[in-house]
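Whenever a hint applies, use it, and build me the whole structure from the sequences.
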Amino acid sequence: MGVTCVTQVPLAEGKSIQQTVEILTRKLEQLGAEKQGTFYVDCETYHTAGTNVGSTGQSGKLLYIMHCSEYPLSTFALFENGPCLVADQNLDVMMIKLKGFFQNAKANKMETRGTRYQYCDFLVKIGTVTMGQSGRGISVEVDYCPCAVPGDCWNLMVEFMQSFMGSHAPTVPPVFSSKHDALYTPADTMVQYMELLNKIRKHQQGTVTGMRL
Amino acid sequence: MSGGPAVQISIESSAEKQIQEVGLDGSETYVQPLSMSQNLARLAQRIDFGQDSDEEENGERSLPRENDWGDQDEEEGLVKFQPSLWPWDSVRNHLRGTLTEMCVLHDVLTLVKDKRYMHLDPVSQESIAPKQSQHGLLLVSKRKSLFSAAQILLKGGERLSKSVAENQENKRQRDFNSELLRLRQHWKLRKLGDKILGDLSYRSAGSLFPHQGTFEVIKNTDIDLDKKIPEDYCPLDVQIPSDLEGSAYLKVSIQKQSSDIGDLGTVNLFKRPLPKTKPGTPHWQSKLEAAQNVLLCKEIFAQLSREAVQIKSQIPHIVVKNQIISQPFPGLQLSISFCHSTNDKKSQKSSSDKMNPEDHLYVLEHNLHQLIREFHKQTLSNIVMPHPASAPFGHKRMRLAGPQAFDRNEINTMQQSEGLLEKIIKQAKHIFLRSRTARTIDSLASRIEDPQIQAHWSSINDVYESSVKVLITSQGYEQICKSIQLQLNIGVDQIRVVHRDGRVITLSHQEQELQDFLLSQMSQHQVLAVQQLAKVMGWHVLSFSNHVGLGPVESIGNASSITVASPNGDYTVSVRNGPESGSKVMVQFPRCQSKEVPKSDVLQDNKWTHLRGPFKEVQWNKMEGRNFVYKMELLMAALTPC
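Each protein sequence line maps, in turn, to chains A and B.
Quick note on numbering: the working numbering labels position 137 of the first sequence as 137, and the sequence is numbered without any gaps.
Quick note on numbering: the working numbering labels position 34 of the second sequence as 34, and the sequence is numbered without any gaps.
With a straight-line Cα cutoff of 30 Å, these simulated DSS-like cross-link-like pairs (lysine-lysine) come out:
no.	chain 1	residue 1	chain 2	residue 2
1	A	35	B	312
2	B	188	B	377
3	B	377	B	396
4	B	191	B	287
5	B	321	B	423
6	A	97	B	396
Since the hints were derived computationally from the structure, they do not count as laboratory data.
Laid out in structure tokens, this is it:
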């Protein structure tokens, strides 16, 4: 478990998602990264329902339930800007029981799936973000395994990301700045994914028409 | 009457003598006729004195009458001549009779009263007969009382012996119970019907072996009391299942692979002397322990053979009968055999002579036991309580994997569990590699004398790793030549050599590699020693190389060389030392000293005589000195001007 940075890569000029992913993976393979199976991250959205929502006047907070193949036995439950709960997989069963309080917005289920690469101490996961059936974007996750403090390895990670993403290498994620010297936790990765997926979703809703593969 | 025939009638007295009894043979026993006194006594006995007293009374009363009548008698005497005529004749007769009787009475009374004429004694006629019968009675009564006394004594004795027997029975019962209590302290027991069953399996310790492992507790109290009770008698006995009887062990050995495949799977059984029972432990304890050991060995072997079949390895493991054969290294075979000797005499005799117990690796056998117990513990710790109701069953770390977000690698390391067979093969490899390394070093040390080789084995080892420190020194120069210190870390498949300067060399399991490496290190040592010596002696090192690119090619490693110059620079000594070619020492003389160098026309000037001359080889084997460094010292000393 190391420090992870999740970012979105915009589509290359005149290319589809598939082609952009291919360009990225080719670059990685040229670097010498080894393919190591696949990965997935999924995110389900729950609306808080019930009596207290209307009375307090808050528009219902959204609860995100996420799974990640990197943490196969865990389920993450996150509020936007709120706490992150890490639980085992029984949480999924419990959510069904909590139907009265949290209602599943099935249409909002998002997923990113792709290939997992290992390059020395780095784990790189390039995935296609899908919502429903349509692809919506490309996510890139870079994990530097030997380190647990974000501040110590950020520069190294940026340098590595620049080597295959070029100018699309991200700026410091907000999670990093908040815990510069603290230990990085898996929940931070999931927060980044949640923010990424939310960004893509909002962008889609803004432009109304989805991209076609 | 007279006219009739004369009939003789004999008359005899009915009996002169009374017959006392008639015997069964018809003989008659007569009562002896009474003597006079006896007769008298008998007659006297017949007198009813009670009646007599009445008569006496009458007599007394009639006494005055008598007197009255006395006169009358006298008067009547006058008329006695005409008795029949007398009208009072009957009265007179009566009176007369009465008078006679009165006189007799009077006489008797006087006789009795005066005791002058007669003495009356109590009747003693019957006294003899009662005396005899009294004796008889006494005898009878004595016998009777004795008999009853004897009866009482006998009864008491019977009761005593019964109670003694009962006591013993009780004692044995109590012994049984106390033994049962002791058994209960060590073994799990349960009652099933009228049987007491025990459990000697390791199930409660986490074993998953399906063998029942039950034994039955038998009460052994009905022995023959008359016979002598054997020394090791115990009122409690146990009956163990027949397949757990005898003794068993696992034999682990590493051998050179036999070309003959025919002897695979033969039962290599040799009788191992049974461990002596500790004094004071009951024999059931040792019996049960032996049975439990058999059970554990069975379980280990079953586990090993199951793994041997399941695990895919490059060279498949072979399971034949009671033997598992695996190849840790090429040409080498590790065999684990399950030896179970029942008390059957035949099987012991047939196989005992062939075996040599030396190749049995006790360490590995012990480790197998340890591993299976670890395995037991692991299965047991999976179901450790208390356990959260909502969490899945499994290891505690596994349970925390979800909430603590363990990633894939961590989960993999948790789940990765090596089998018993894999572990034991790894251990066997290590043990083999270690022993072979030791042998290699020892053989080198004994074969090569000049640079001495010392091995310091660390006493604390891991099952998969051990280390040895190898020092190469020259005798007498240990202080100055400490250049070669090697740390050999012996692992499972390879040996990692850590040099003193931090270089790491990895050697494979091949024996030759280590040997060659050590040989090249020894040759380097000589040159390094010369370097050290030069420093001490004040010589100058001109050149030094561990790997010389010139000269004959060595088959092992490279030759090393050094060139040193004497303090004043006149002489130069050059040493080349190769692991195979050995050492070659050359000395360069100053030009002026060498006579062979022809005078050159060009170098006329005197100053050119200071140029270096040609090299000459030293006949090294003719040098004095016990080893290379000593010879070198002598050479340097000889070349150094005083």
